[in-house]
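Asks: Residues -21 to -1, 1 to 383 in mature numbering (1 follows the signal peptide of the UniProt record, and there is no 0) are what the sequence shown lists, from first letter to last.
Hints are computed from structural coordinates only; laboratory data are not their basis. Heads up, a few of these hints could be off.
Here are the computed lysine-lysine pairs in the DSSO-like style, where the Cα-Cα straight-line distance is at most 30 Å [claimed, not checked]: (1) K243 / K313; (2) K256 / K207; (3) K154 / K256; (4) K365 / K243; (5) K154 / K359; (6) K201 / K365; (7) K182 / K201; (8) K236 / K182; (9) K359 / K156; (10) K161 / K313.
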Amino acid sequence: MKLSSKVILAILAACVSHSNGYVEVPGTNYLGQGYCRNADTEGEGAYPGYHDYTQILGGQTALSCDGICRNNNKLGGLRGFTLSGSDCFCFYDDGTSPGEYLGNCPAPFFSCGTHWTGTGDLAITDDSMIGGCYEYTTFPVPATFTSESTGDPHFRTGKNEHFEFHGQCDLVMTKVKNFANKEGVDLEIHLRTNMVRSWSYIKTAAIRIGNDILEVQGSAAKEDGIDKRHYHINFEHLGPLTHLGGYPVTISPRNNKYTIDLDKDYPGQSIEIKTFKEFVGVKIIGATEESFGNAIGITGDFNTGNTYGRDGSTVLHDFNELGLEWQVLPSDGKLFHEIAKPQFPELCYLPEDPRGERARRLAESDITEEAAEAACASLKDDFDRKGCVYDILATQDLDMVGAY
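Starting from the given sequences, assemble the full structure and let the hints guide the process.
Replies: Below you can see the structure in the form of structure tokens.
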């Protein structure tokens, strides 16, 4: 079905517009037809590892679903998404502008029969499942990614791949030169890890934007009061904290999360530092090619997700080698208020026989893998769920689910 430009404009005028570049649309529902990346498969052929739709169940809003869909849009072709209750479904075509109708979509396939600016209609099998139909108003839709490091060092790359590094040293998580196109204003995130037997955890994170440095450390305080705050701003302990490099900073009511709002330059993007007991995690939310496209560091290349060395061309698949490669050097500057061992040229401390030690500890542990999986089952993100299970088994503390 090809709609005239007048009809399209009339439909869009009746839609609810959102600042992120998508609109909520009314729609007649159709069954079995829609945009697909590949008419014959679910995408594994032409698009290895990607499917025609991404499904995240429970607890989602239009804003969070938009972020999920953009995070999975590395190959392009994102057209819209459906909220079925609070479940998020993202839909993609083959990436041909302004969209190519490719026939029947492989089952199971849910969407809304919305009026796209290209050709064709998306489908839903059950009218009662519709919680909201959204289409993007521009093409191509910019991809985003969430780069992340969590307390017991689990890293998420720009390709949404996960790895662990259990050494002890200061690490370059990410660095962006001339952030927001401001000459000489760099953004850097350094992590300080501490090793315990065969595993380690992030005990401190430091972020520099321009000339400002925020350093956050975990706390053993059991209550959510002011005692849980443990930060330095420009090397001053608990100094006045309202902005970092001109970006607003807020501290959560529980004093366990620090949010740097990048909205003034990059709408919808932020950096979160979260603490749980002595553990610290850092998450870059909603990053785009424009904001973090030239980022380097242990979390990898934005466009490919490849974990490059400092030369920008060698891909390192051994994550101990990767950690050693991104150990903080004197040329990376000083972000932490005090020195801790090791410092280059002394190399990161690495655990001896981590797999053997871990296997022995698991055999002797009181908390089983099944119990850890049950404790983490409510977490919807695969990265969080896997990290949660690992952390519980490593620390023998079921409360570690609170870190996520």
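Asks: Indicate, hint by hint, whether the structure satisfies it.
Replies: We went through each hint and held it up to the structure:
About 27 Å separates the Cα atoms of K243 and K313, which keeps this hinted pair within 30 Å; it holds. Between K256 and K207 the CA atoms are separated by roughly 9 Å; this keeps the pair inside 30 Å, and the hint holds. Of the pairs offered as hints, the one joining K154 and K256 holds, with about 27 Å between alpha carbons and a cut-off of 30 Å not exceeded. Between K365 and K243 the alpha-carbon distance is near 34 Å, which puts this suggested pair outside the 30 Å criterion.
This hinted pair checks out: K154 and K359 have alpha carbons roughly 29 Å apart, not beyond 30 Å. Proximity of K201 to K365 is assessed by CA-CA distance (about 25 Å); at most 30 Å being required, the pair is judged to hold. The suggested pairing of K182 with K201 holds, with an alpha-carbon distance near 17 Å, which does not exceed 30 Å. Straight-line distance between C-alpha atoms of K236 and K182 comes to about 14 Å, which keeps the hinted pair within the 30 Å bound.
For the hint pairing K359 with K156, the CA-to-CA distance comes to about 34 Å; that exceeds 30 Å, so the pair is violated. Pair hint K161 plus K313 holds up; C-alpha atoms about 21 Å apart against a cutoff of 30 Å.
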